[in-house]
Amino acid sequence: GEDVEQSLFLSVREGDSSVINCTYTDSSSTYLYWYKQEPGAGLQLLTYIFSNMDMKQDQRLTVLLNKKDKHLSLRIADTQTGDSAIYFCAESWERGSYIPTFGRGTSLIVHP
Amino acid sequence: NAGVTQTPKFQVLKTGQSMTLQCAQDMNHNSMYWYRQDPGMGLRLIYYSASEGTTDKGEVPNGYNVSRLNKREFSLRLESAAPSQTSVYFCASNTGLYEQYFGPGTRLTVT
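As given, the protein sequences belong to chains A and B, one line each in that order.
Quick note on numbering: the first sequence equals residues 1 to 112 in our numbering.
Quick note on numbering: the second sequence equals residues 1 to 111 in our numbering.
If you are wondering where the hints come from, they were derived from the structure by calculation, not from laboratory data.
These figures come from a predicted structure and were not determined experimentally.
One or more hints might be untrue.
A short list of chain B residues far from chain A (calculated; beta carbon distances all over 12 Å) [what the hints assert, rightly or not]:
id, residue
1, GLN6
2, SER18
3, ASP26
4, SER31
5, GLN37
6, TYR64
7, LYS71
8, GLU79
9, THR86
10, ASN94
11, THR95
12, LEU97
13, GLN100
14, THR111
The calculated DSS-like cross-link candidates involving lysine-lysine, where the alpha carbons are at most 30 Å apart (straight line), are [said to hold, decoys possible]:
id, chain 1, residue 1, chain 2, residue 2
15, B, LYS9, A, LYS36
16, A, LYS56, A, LYS67
17, B, LYS71, B, LYS9
18, A, LYS67, B, LYS9
19, B, LYS57, B, LYS71
20, A, LYS56, A, LYS70
21, B, LYS71, A, LYS68
22, A, LYS36, A, LYS70
23, A, LYS70, B, LYS57
24, B, LYS9, B, LYS57
Cβ pair distances, simulated, as ranges [what the hints assert, rightly or not]:
id, chain 1, residue 1, chain 2, residue 2, range
25, B, ASP26, A, PHE50, 27 to 33 Å
26, A, ILE109, B, GLY16, 26 to 32 Å
27, A, LYS56, B, GLU59, 35 to 41 Å
28, B, ASP26, A, ASN66, 24 to 30 Å
29, A, ASP58, B, VAL12, 28 to 34 Å
30, B, VAL12, A, LEU8, 25 to 31 Å
31, A, ASP58, B, PHE10, 30 to 36 Å
32, B, ASN62, A, LYS68, 26 to 32 Å
33, A, MET55, B, GLY40, 17 to 23 Å
Note that CB positions come from ideal geometry on N, CA and C, so glycine has one too.
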């Protein structure tokens, strides 16, 4: 199976909270990331969390990590139309170059 | 500070033609990467270079070659393009830890 799994689509109304979920299989994961890809652009790091943390908050973004269940989530508060993008979960650990393994990406659609 | 740049932005090739995708970074990063992105498939690593002078295969290296020309530049070559190589190609770089910085991508169509 895949190392990192995400649902492919999420649709929310503007102003609501969005929660994007991710599961990973590698218990050795050291870093877990959320990247954002806007249409026609490359990926840009939104936030990351170390595996020894449970939660990280950065303005409208909250990352929760459940190590026991190998579950990572990204919550976007007060979702705006500008948040419409593809969100990639990724994990990495020491295997030479900490090369991340990416999920397939979740397309977030925000409608008025 | 341009970050990671890629050329060309778009390319159409006929089956069997060859081409080189160029990537350069100005952040003094040691590690550079080539990925391909296909709909619903996420990012798949083609090749990477952990440091100047070294290159290693990733998940999907068949049909590609790479050159780490110097610390700044990492090129990807398709010797004989096939329709299965139609994709969006991203170059990325980092210090070897944490965040990867991505270029804007090259959209390649092979007919």
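* List of violated hint numbers, smallest to largest -> 1, 4, 5, 10, 11, 12, 13, 18, 21, 26, 27, 28, 29, 32, 33
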